[in-house]
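> Letter by letter, the chains look like this.
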Amino acid sequence: MTVSVYEEIAFWILGPLSLAGALGMLFSRSAVHSALWLVLTMLSLGVLYMVQDAPFLGIVQIIVYTGAIMMLFLFVLMLAGRESSDSVVEVLRGQRIWASLLGIGLAGLVVAGVARSLGDVTPAGLDNPAANGSGGPGNVANIGQSLFTRYLFPFELTSALLITAAIGAMVLAYTRKQAKGGKNRQREMVNMRFRENTRPGALPGPGVFATADSVATPALLPDGSIAKESLSRIIETTPVTQIEEDEALADRHPDAHALTGAARDGDDGASIVASPASEERSE
Amino acid sequence: MTTPASLPDIDYAGVAPVLIILGAACIGVLLEAFVPRSQRWAVQVVLSLLAIVVAAIALGAYLYTGPQNTSTFAGSIALDRPALFLWGTLLALGLGSILLIADRVVEPGGAFVAQAGIRPGTMLDKEQANRSSMQTEVFPLALFSLAGMMIFCSANDLLSMFVALEVLSLPLYLMCGLARRRRLLSQEAAVKYFLLGAFASAFFLYGVALLYGYANSVKLADIANAAGGTNRSDALLFLGMGLLLIGLLFKGSVGPFHTWTPDVYQGAPTPMTAFMGACTKVAAFGAILRVLMVAFGSTHWEWQTIMWVVAGISMLLGAILGITQTDVKRMIAYSSVAHAGFLLVGVLALDGSGIRATLFYLISYGFTTIAAFGVVSLVRDGTGESTSLSSWAGLGKRSPLLAGIFTFLLLALAGIPLTSGFVSKFVVFAAGMSAGITPLVVLGLIASTIAAFFYLRVIVLMYFSEPAADGPTVTLPGMYTTAAITLGTLVTLLLGVYPSFMLDWAGTGGFVV
Amino acid sequence: MEYVPILLLFVLGFGFAVFSVTIAEVTGPRRFNKAKQEGYECGIEPSPQPVVGGGRMPVAYYLTAMLFILFDIEMVFLYPFAVTADALGVFGLVEIVLFIATVAFAYAYVWRRGGLDWN
Numbered sequence: 001m002t003v004s005v006y007e008e009i010a011f012w013i014l015g016p017l018s019l020a021g022a023l024g025m026l027f028s029r030s031a032v033h034s035a036l037w038l039v040l041t042m043l044s045l046g047v048l049y050m051v052q053d054a055p056f057l058g059i060v061q062i063i064v065y066t067g068a069i070m071m072l073f074l075f076v077l078m079l080a081g082r083e084s085s086d087s088v089v090e091v092l093r094g095q096r097i098w099a100s101l102l103g104i105g106l107a108g109l110v111v112a113g114v115a116r117s118l119g120d121v122t123p124a125g126l127d128n129p130a131a132n133g134s135g136g137p138g139n140v141a142n143i144g145q146s147l148f149t150r151y152l153f154p155f156e157l158t159s160a161l162l163i164t165a166a167i168g169a170m171v172l173a174y175t176r177k178q179a180k181g182g183k184n185r186q187r188e189m190v191n192m193r194f195r196e197n198t199r200p201g202a203l204p205g206p207g208v209f210a211t212a213d214s215v216a217t218p219a220l221l222p223d224g225s226i227a228k229e230s231l232s233r234i235i236e237t238t239p240v241t242q243i244e245e246d247e248a249l250a251d252r253h254p255d256a257h258a259l260t261g262a263a264r265d266g267d268d269g270a271s272i273v274a275s276p277a278s279e280e281r282s283e
Numbered sequence: 001m002t003t004p005a006s007l008p009d010i011d012y013a014g015v016a017p018v019l020i021i022l023g024a025a026c027i028g029v030l031l032e033a034f035v036p037r038s039q040r041w042a043v044q045v046v047l048s049l050l051a052i053v054v055a056a057i058a059l060g061a062y063l064y065t066g067p068q069n070t071s072t073f074a075g076s077i078a079l080d081r082p083a084l085f086l087w088g089t090l091l092a093l094g095l096g097s098i099l100l101i102a103d104r105v106v107e108p109g110g111a112f113v114a115q116a117g118i119r120p121g122t123m124l125d126k127e128q129a130n131r132s133s134m135q136t137e138v139f140p141l142a143l144f145s146l147a148g149m150m151i152f153c154s155a156n157d158l159l160s161m162f163v164a165l166e167v168l169s170l171p172l173y174l175m176c177g178l179a180r181r182r183r184l185l186s187q188e189a190a191v192k193y194f195l196l197g198a199f200a201s202a203f204f205l206y207g208v209a210l211l212y213g214y215a216n217s218v219k220l221a222d223i224a225n226a227a228g229g230t231n232r233s234d235a236l237l238f239l240g241m242g243l244l245l246i247g248l249l250f251k252g253s254v255g256p257f258h259t260w261t262p263d264v265y266q267g268a269p270t271p272m273t274a275f276m277g278a279c280t281k282v283a284a285f286g287a288i289l290r291v292l293m294v295a296f297g298s299t300h301w302e303w304q305t306i307m308w309v310v311a312g313i314s315m316l317l318g319a320i321l322g323i324t325q326t327d328v329k330r331m332i333a334y335s336s337v338a339h340a341g342f343l344l345v346g347v348l349a350l351d352g353s354g355i356r357a358t359l360f361y362l363i364s365y366g367f368t369t370i371a372a373f374g375v376v377s378l379v380r381d382g383t384g385e386s387t388s389l390s391s392w393a394g395l396g397k398r399s400p401l402l403a404g405i406f407t408f409l410l411l412a413l414a415g416i417p418l419t420s421g422f423v424s425k426f427v428v429f430a431a432g433m434s435a436g437i438t439p440l441v442v443l444g445l446i447a448s449t450i451a452a453f454f455y456l457r458v459i460v461l462m463y464f465s466e467p468a469a470d471g472p473t474v475t476l477p478g479m480y481t482t483a484a485i486t487l488g489t490l491v492t493l494l495l496g497v498y499p500s501f502m503l504d505w506a507g508t509g510g511f512v513v
Numbered sequence: 001m002e003y004v005p006i007l008l009l010f011v012l013g014f015g016f017a018v019f020s021v022t023i024a025e026v027t028g029p030r031r032f033n034k035a036k037q038e039g040y041e042c043g044i045e046p047s048p049q050p051v052v053g054g055g056r057m058p059v060a061y062y063l064t065a066m067l068f069i070l071f072d073i074e075m076v077f078l079y080p081f082a083v084t085a086d087a088l089g090v091f092g093l094v095e096i097v098l099f100i101a102t103v104a105f106a107y108a109y110v111w112r113r114g115g116l117d118w119n
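Residue numbers (our numbering), protein chains in the order written: chain A, 1 to 283; chain B, 1 to 513; chain C, 1 to 119.
For the record, the hints were derived by calculation from the structure and aren't laboratory data. Since the structure is predicted, the reported quantities are computational estimates derived from the model, not experimental observations. Idealized CB from N, CA, C, for every residue including glycine.
Listing some non-contacts, in silico: residues in chain B with all C-beta distances to chain A over 10 Å:
1. 221
2. 317
3. 351
4. 380
5. 383
One side of the interface only, derived from the structure: several residues of chain C facing chain A at Cβ under 8 Å:
6. 72
7. 73
8. 95
9. 98
10. 99
11. 102
12. 103
13. 109
14. 113
15. 117
Looking at chain A on its own, in the form it has when it is part of the complex (with noise of 0.2 Å):
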């Protein structure tokens, strides 16, 4: 058996960093971090496995594993909370002792059998046509042609895999939101919206007369004056007095011709203010 330069270049970079990434999912101790180690660890393998000759593989584990599945991983600790973290307590008295001493012997056992047997084996390569029977020329097609052939049934049987697991996640995260004291559906919600709402717009940006584009900038009004709904409740740069004042003149229906109002700059950040005013911003 030999391998090129390039295959042993490419093994010597990538095992390694699959392996930290497995460790680094072992050991971190949030379970995000451990999600993106897994990351590493799945987007080296993917790499591999085009190294080995299996193109599609490889693409297929970024784009379903590292892409799809981790997505799915990381809603799950979003679900489950990021910041929640395993109970420390031992159930059972000894079991992480016995546990990783068990597990460390089934691993070591599965390495050296499989290290003692490799001699024996002879590789295939799946771009060889001959090597498993079918006619078509290349990686995907070789596999297509296994797959619709000779596994047609066990492919056939995955869409069933997909349906159990459709329903499962509807039976299992959906409840009937239009039943008594749920919330409404979403046609309901929009019809609700326009009828009930003044606004089903966005809320007013900076704008043409603002003096900066920063979130932190009141909308200005044609005459000059603050829009009140501009004002957001997490900035706390726009100083107290000044969203009083601006919210009293917003009252007094200004003239929109007018153009100048009470335009106030460069006191930005003067004073501080936590703005209770902002409160009432509607939604």
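Fit chains B and C to the known structure of chain A by using the hints.
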């Protein structure tokens, strides 16, 4: 333009039972989507029962043509006698389970929760506990699972077997968590089963990978050929086989791989426990039988000692731990672990009489289990089923008929003559004796004696102790549960009194290679 | 050798990313306020997260992710089919249509049950 591929030939008549069940499951999903909620239950029950009956007719029609042992779908699915027998068994047990699932009289609205998405213990949850609806998705899910089981015990290559394993397991994980009462316990059971099951699947898959590395094929026959024909290192073969078997033994809740069984049996909704206890056992042992005999039969001298030990551990663990249980469902769970050990004796005979004995054991055990869980679901108090053994005291005085039926079923589980349990134990041990595994058979007899103790203890409890004042009541079952219990009990009796016809059916042939 | 363009693309992409980040760091002005420290979510203000549980996400995201995986896997199977469609002929077409139809059942179920509604 590429050359046309050689397309696999498909024996549609042969696989029709599986395709019918799968198709009905798909239609069930569509019905879930488009039928108004008030009619879903009725439509789903009719569809499920109809599908099973039609599949059974298709199976009968295929058998009537006197088919040879063949395989179809390019060798993925075996159509041999054991497979067809197991399909019949699974369809019959599936019918019983669907009947139990469909019952809405015992528990108003059914044993399944109305909306699983509602968090247990909240106001909404308390409100829905008394609502007379259920998640009707259970029916298509059960059909998917049933189809997966049928494929699992007829899969002739490890890839199909793996996909079938997932198709049968995924709905089970899901349905375990859908109990109407004691929802947290049920959800805990589902999570435990899912995590451990996923772990076992990983072992199975690792085994498949190693075996593929050894034989350059996932077909069982090719693995047997490779094992016989080469002089290369057998490390891959036995490592792969070991990992593969861990996955399979887990599903059959054998011996040291049984840890999920009591918790899941206890937490799952009782109709689901019946389905799992009866059908999963059949599917798992069908697959174990096929894998051991077809793929590893030629190397059995190398590994059979280990499997003897596993069988022994399973019998003793089930029997001894069963004694300490105080909950009926857990007790039957441990009894199923012991039964798994007895079943392995039949499997390890590794010959025609072993196949016959195992198949007979599976069908008789399955029917007894379904009837037993049907009875368990009837003994209730204000909070749902009353499964604690102490509350069963004096049941013989309260409801002689129910206690009588349960006594009969327990005697069948214990293996007392005139029940199917006796015949099945007898044929299994006879097969073991003739195959020369006498020590294991002796161990089996000892374990049976130990196990008989805890079955008899329940009987004594039911008849010879005073009923508690605030004890549970026995609910009058509806049509469906009555049908399921009657079916199970009658078959248990029939196979005990007149087993020869079933033994003949079970013994008509071996595996296709 | 046939992977050299891909490698080149990786190098270009990586180089562009590094360049953009460093050049912004070097040349950009630094005037911080609280708003700039906030997470940026397409112009929508991030809503305050509950203290308990460390910011849980609604379970609806999970449904969407699950559906995405479903169709992701379906798509993965379509590619080898497309490559071998010629050789497989009508038989292959029937197979893949059956597969897609079955997965579409799941879609119909989720859609009709309102799993795709977004509140």
